[in-house]
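Both chains are sitting in their own frames, so use the hints and assemble them into the complex.
Those sequence lines, one after another, are chains P and C.
Our numbering puts the first residue of the first sequence at 748, with every later residue one more than the last.
Our numbering puts the first residue of the second sequence at 2, with every later residue one more than the last.
These are calculated hints, taken from the structure and not from any lab test.
Don't take every hint at face value.
Listed next, the stretches of chain C that the computed footprint assigns to chain P, with coverage defined by at least 3 CB atoms under 8 Å from CB atoms of chain P [claimed, not checked]:
{"id": "1", "region": "183 to 191"}
{"id": "2", "region": "194 to 200"}
{"id": "3", "region": "207 to 218"}
In the EDC-like style, the derived pairs of lysine to aspartate or glutamate whose C-alpha atoms are separated by at most 16 Å in a straight line are [as the list claims (entries may be wrong)]:
{"id": "4", "chain 1": "P", "residue 1": "Lys1166", "chain 2": "P", "residue 2": "Glu1191"}
{"id": "5", "chain 1": "P", "residue 1": "Lys1131", "chain 2": "P", "residue 2": "Glu1184"}
{"id": "6", "chain 1": "C", "residue 1": "Lys188", "chain 2": "P", "residue 2": "Asp1118"}
{"id": "7", "chain 1": "P", "residue 1": "Lys1166", "chain 2": "P", "residue 2": "Asp1190"}
{"id": "8", "chain 1": "P", "residue 1": "Lys792", "chain 2": "P", "residue 2": "Glu926"}
{"id": "9", "chain 1": "C", "residue 1": "Lys188", "chain 2": "P", "residue 2": "Asp1119"}
We put the CB at the ideal spot given by N, CA and C, even for glycine.
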Amino acid sequence: MLAVTGLCKSFPGVRALSDVDFTAHAGEVHALVGENGAGKSTLIKVLTGVYRPDAGEVTYNGTPVRFATPLQAQQAGISTIYQEVNLVPLMSVARNLLLGREPRGRLRLIDFGRMHREADETLRSLGIRVDVRRPLRELGVGAQQMVALARAVAVDARVVIMDEPTSSLEPREVSTLFEVIRTLRERGIAVVYVSHRMEELYEICDAVTVLRDGTVVHTGRLADLDRLHLVSLMLGREIGEVRREGLTKFAGSHDAAAEPVLDAARLTVRHRLHGVSLSLRPGEVVGLGGLLGSGRSETARAIAGALPVDGGRVVVAGAPVRTGSTPAAIRAGISLLPEDRKTEGIVPGLSVRENIALAALPGLSRFGLVDDARIDRIVDTFMKRLRIRASSSHQKVSELSGGNQQKVLLARWLALHPKVLLLDEPTRGIDVGAKAEVQALVDELADEGLAVLLISSDTEELIEGSDRVVVLKDGAVVRELTGDAVTEDELMRAIAEVPEGGPHG
Amino acid sequence: MADVSVARVTVDRDRALRLLQNYGVYGGVVVLLVFNFAFTPHFASAENFRTQAVQVAPVLIVALGMALAIGTEGVDLSVGSVMALSTSLLSLYLGYGPWIATLIAVVGGILVGAANGALIAFVGVQPIVATLALMVGARGLALVLLPQLKDVRNPGMAALGSGDVLGIPYLVLIAATLALLVAFAVKRSTFGRRLLAVGDSRPAARLAGLPVRRVLIVVYVCSGALAAVAGVLATARLTASDPTSVGTLMELSAITAVVVGGTPLSGGRVRIGGTVAGAVLIQLLTTTLIKHDLPPSWTQIAQAVVIVGAVYAARERGKR
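Only chain C is shown next, with the shape it has when bound in the complex (with noise of 0.2 Å):
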């Protein structure tokens, strides 16, 4: 009998360890919104919503092509660097109209994406070290285009900061496209398969024949695209241009998005939707805390408690 109980509470234990894992993301953000609902003013408005989900949006951009990297058993270091070049290349080339200069700025961060990628998948340096290197590089790249803060102001850039459909922003339309677009390729196409046997196992993965190169070199330059086109849009938000400041530990946020949504940093697994809850999860955290008058310090040693916890679901799981 004792033993049979005790069975039974270990897999009670294995079933609350997997669905907290699973869902806990989830759960934490309907936690943090009722608490937010029930004990902080002016939370339940529409304006506030808008607020939250803009600010979140550039954040959740970059960790979905981190959670690409991350599921190959890699990280891409060089994402906050992009977003400065973004700025840059676009305030530079802003004179040929907004859509040439998004266009300039994206073509900027796949070739960052390309030298990732290169590095990693022909020379061999180690994802952390290769992207660290790029990180240096393209921030230096983008201060030498543009040394210093520069208005911004175009009328189509101006909209795409500020104008929206149906009460809902332009930045959190593309950034929940860009969302259901790679939650797609991961699921449904050949890519998304190649890529989970990557970082699952790489010589097995070779040994079936997978053009492992390949696959490293797309996921890097869908990363570093991804950060492009968040640097454009943070851009759009501020209607400035400041590449010495945009970006910065963004690589870390969207590191921490992604660990928090789930996704292992062994590779092998990529969960997009914890992604984006675990990018929602953090923003939450953060507005509550400010607007319970907490201070900025508070804020950091929150997330850090987050992301222990996150940490802690993981190892359980591979243990198992």
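In isolation and in its complexed conformation, chain P is listed as follows (with noise of 0.2 Å):
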């Protein structure tokens, strides 16, 4: 139905696909997975005009195509439902099922009665019942998915891809779609589903292509990959591969402390995280583990009060911490160094030193007024310490390498004497020797008697770095490995792992 073959796509500095080779075939639901930056988007906004390839081929019905605009492809009929709905809020459901096609009466003007009536039969028919007449907005953001998808398919789509459409669903609007999803299967209409979340695949799809740094890992049957080896290909992680020592700058095992300086216990974020508990000791690296979408962010930062949890509590050295604020996580000693560094960590207008100092400053002044040599003394301490790499401190920080930027973050975070370090990928996208030393660090730090908490989606680095991993899955605690059974055959066996009362169980 839609196919690309020997497909390419470069942006300045990156090679997001590589010869890509993609089918999806007419009355399939055809899953499409791989982690962050394998190139899912990328491949997505080819196939639906928004990117056009350097090289290779689109077919669509069997003849090569050309789309250059997004509405191009919509109207070959190929239709893309994304996270967020874009439909008209305002408008009643009717409507923006018929939008632009409304049915005329006399007078060209809208017949209500029938446009009431046919949009009621189009959902009806999908097993969608709702209101037509109603506001879209006043609907659960399950049923504008519903809607949005019934005018898809309304427009006579071939092709519907879906990007993540349930990680804002509860349970019951899951199986609703998925019967819609069954029903478009049954009128031949080819799927591209993406998702994380195991137990979908497995329920819903029939065929699966798995995408890693650029390139196609695997594609064929989805009956025919069992879930660690889907796992293994995600992760780019062979299952028994033996564990070459040294490979990272880990240390390993560190003594920790018997009673936790951290506990988290039942966080609770709607339809990203239920009720996760954990707790770190002082002098402990604990390894957050599973894949994208898993709640490892949102775990960290609702530890941080960066995200606001509906349930749950924080508990640091005995003392309850305020949810939702980071200044009272931060007062009571958690820090978190932040994903996304350029757009969260650094403030890239300020220098060096500010950059270290900006957390600090209440401790650094007097009466309000910013006390210079002291700040001077701290930023010297660490930027040797660090081995910060600038011209002076007064340079911009943004003119900084990556792991530079990283450690001046680090710093500005040791210098307020945190309890527990929240370290969210830590080592992403900065070079190979700024790596080795951020990871030496995180050991020297875990002996100086610092809890660490430590997301990576670098299995190795995961893995050589924890004293313990907790695998979450689907925003929940699935496994946690101790002692000998932090592996990464042990990991992606608790990732792959079929819940209990699941429908594969």
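Right, here's the structure in full:
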């Protein structure tokens, strides 16, 4: 139905897709999976006409095509349903469904009676039951997505691409959505389904294509691929691969104290975290494992007060911390190194010095005036200790390399003498040398008695760096690996595990 | 060889642009001064300088607050209306003496600023919309309090408007003091550092545990208070309260001074020295054209050229 062959697409400095073949057949639900940066969204954007490929061919219904704009792709029958619904929230369900194709009566006016009847019929045939006269925004997100889907089908879509459609749906809504997808499949529509949720993939998809680093590493029938194998393909790790020692700069185990310094219990954030509990002891590095979207970053952010929680509590050294407030968490001794260094970490226009001193300012000033001498001392100490390479402490932080920026952020937090350090992807996007330095530093800090939570998509780094690994899946803790069980094999097994009482158990 | 020379040319060009950006305003002021000394009769007199300085003082004070708001990636459109509110309050409460009346006028400005800040920090309204609402509201309130022009006959106010110390008018002294105070706060206080961080990258500031909301509210309160002071000074100079005309289009003059002074609208940088120079530059430009008998429309066109020039210089920096 829709196929690409030999597809290449580069962006300045990055090769997003190289030599990708992908075919979506009619009447088939095709899963497209891969970790961050694997090239899924680039592929979707090429398929829908947002990007034009550098090389390769897109064929649709057997003929080569070139979509110049998303509109052309839509008119040709390729519909995309994004996580965020792009319909008109204030208009009624029926109007949204038939937008641009409203049935007209005499005088070219909209025939509302007929419009409502037609809309109702379309939705009913897909098993969706809503009042078509109500404005769209009064519906739940799930129902809105259903309407978007119905609209896609109503405009004679032959291919429907769904990008993580279930990320904000309730379980009941998910099952309705799956009913609709099955109806589409029976009607001979090709569905491309992007998701990270293992259960969903195995429930609804027929075929699977795994992308990694811009290339296709596997494509075939999903039923022929077991879960463990799928996880290992996504992470790029062989099962039973011999662990090579000393590849990362982590020394391994630390002597951890007995009493936890951080105790997070039953953290719940709607749709994202479901009762996540974990504790950290001083001098211990705990890894957070799991696939993309499993709730790793959300857990760290919830602990650091950067993500408001609907339930749960955080206790540091025996004292409860007010959740949902970064200043409160920082006062309690929790520091978060955010995942997105460029937009949430550094303050690009300020100097290295100001960036390091930013969070510790109240302690470095008298009567609201900055004590420059003390700042200089602290900045000096940390620039030496972390080996931050900058022409001077007055250089703008945006001019530094990624690794040095990351070190500046670490210095910002260490200047506060935290008890708990949450590191979200501390080595992503930094060069090899800096990576080794950051890893060695994490080790050193743990030895000094800091409790560290480490999040990393680099499985090797996670396993070698952590004393324990808490494995998350769909926003809940599924396993905790301790002692000899801290291996890549066990991690992948934990991620692939079928939940108790699940449909495939 | 060719490569080397090309590289050197671009480096030179970069440096020239950076110089233009950092010191262009001062250069502009110097050029205008030299031009006037050479070609404008009666320019180099103490009397003329006093007039120029007194005229620029209110704009300058308002521009200081505006620079803070722009530094947080915001803007304060309500400043002109705050001046009007300030003049109304002043004339209403002048019966209690000039000090009490001034205090009440400033409190009025602080309240408007607090309302701006609360809308922006807590409700999450965009600064341009929030301050636009207060711009309309404050002017309305000013007119309700004092429907038409009223003479201000008060020896204290008259002295404030035309008195001087060692030949320097009070107005100029007050403006200079405030400029130094704000510059000091931006450079040396924790508030100043936080303001820049909030303006440069709000998510980063929030994750670093900075009190983002408090910083925003304080910024707009400062802007309101400074505008109110400007309103009091304008009233003293006119010896009349006229809420229909005081401060009209003041927000635009203030933004012009700030932008011409090299403070980028994208936030994260506040240049108080540049802002002062920007206000002076516009004032001198106007005077020069008037003294050479060019119609006021020419002044506006000249201002437009200066603004476009300043924005062009700022744009180049963003690209690098």
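>> So if I understand the rule, the pair passes when the alpha-carbon distance is 16 Å or less; does Lys1166(P) with Glu1191(P) pass?
In response: holds (14 Å)
>> Next pair to validate is Lys188(C) with Asp1119(P); report whether the Cα-Cα distance is within 16 Å.
In response: holds (11 Å)
> CA of Lys1166(P) to CA of Asp1190(P), is that 16 Å or under?
Replying inline: The hint holds at about 15 Å.
>> Is the listed coverage of the region 207 to 218 of chain C by chain P valid when you require three or more residues with a beta carbon under 8 Å from a beta carbon of that chain?
In response: Result for this restraint: holds, n = 6.
> Are the Cα atoms of Lys792(P) and Glu926(P) separated by 16 Å or less?
Replying inline: violated (26 Å)
> Is it true that the CA of Lys188(C) sits at most 16 Å from the CA of Asp1118(P)?
Replying inline: holds (12 Å)
>> So is the region 183 to 191 of chain C in contact with chain P by the C-beta rule, three or more residues under 8 Å, or is the coverage claim wrong?
In response: holds (count 3)
> the region 194 to 200 of chain C covered by chain P? Criterion: 3 or more residues, Cβ-Cβ distance below 8 Å.
Replying inline: With 4 residues closer than 8 Å to chain P, the region 194 to 200 of chain C meets the three-residue bar; holds.
>> Would the hint linking Lys1131(P) and Glu1184(P) be met if the CA-CA limit is 16 Å?
In response: holds (13 Å)
Going through the hint list in order, the structure does not satisfy hint 8, though it satisfies all others.
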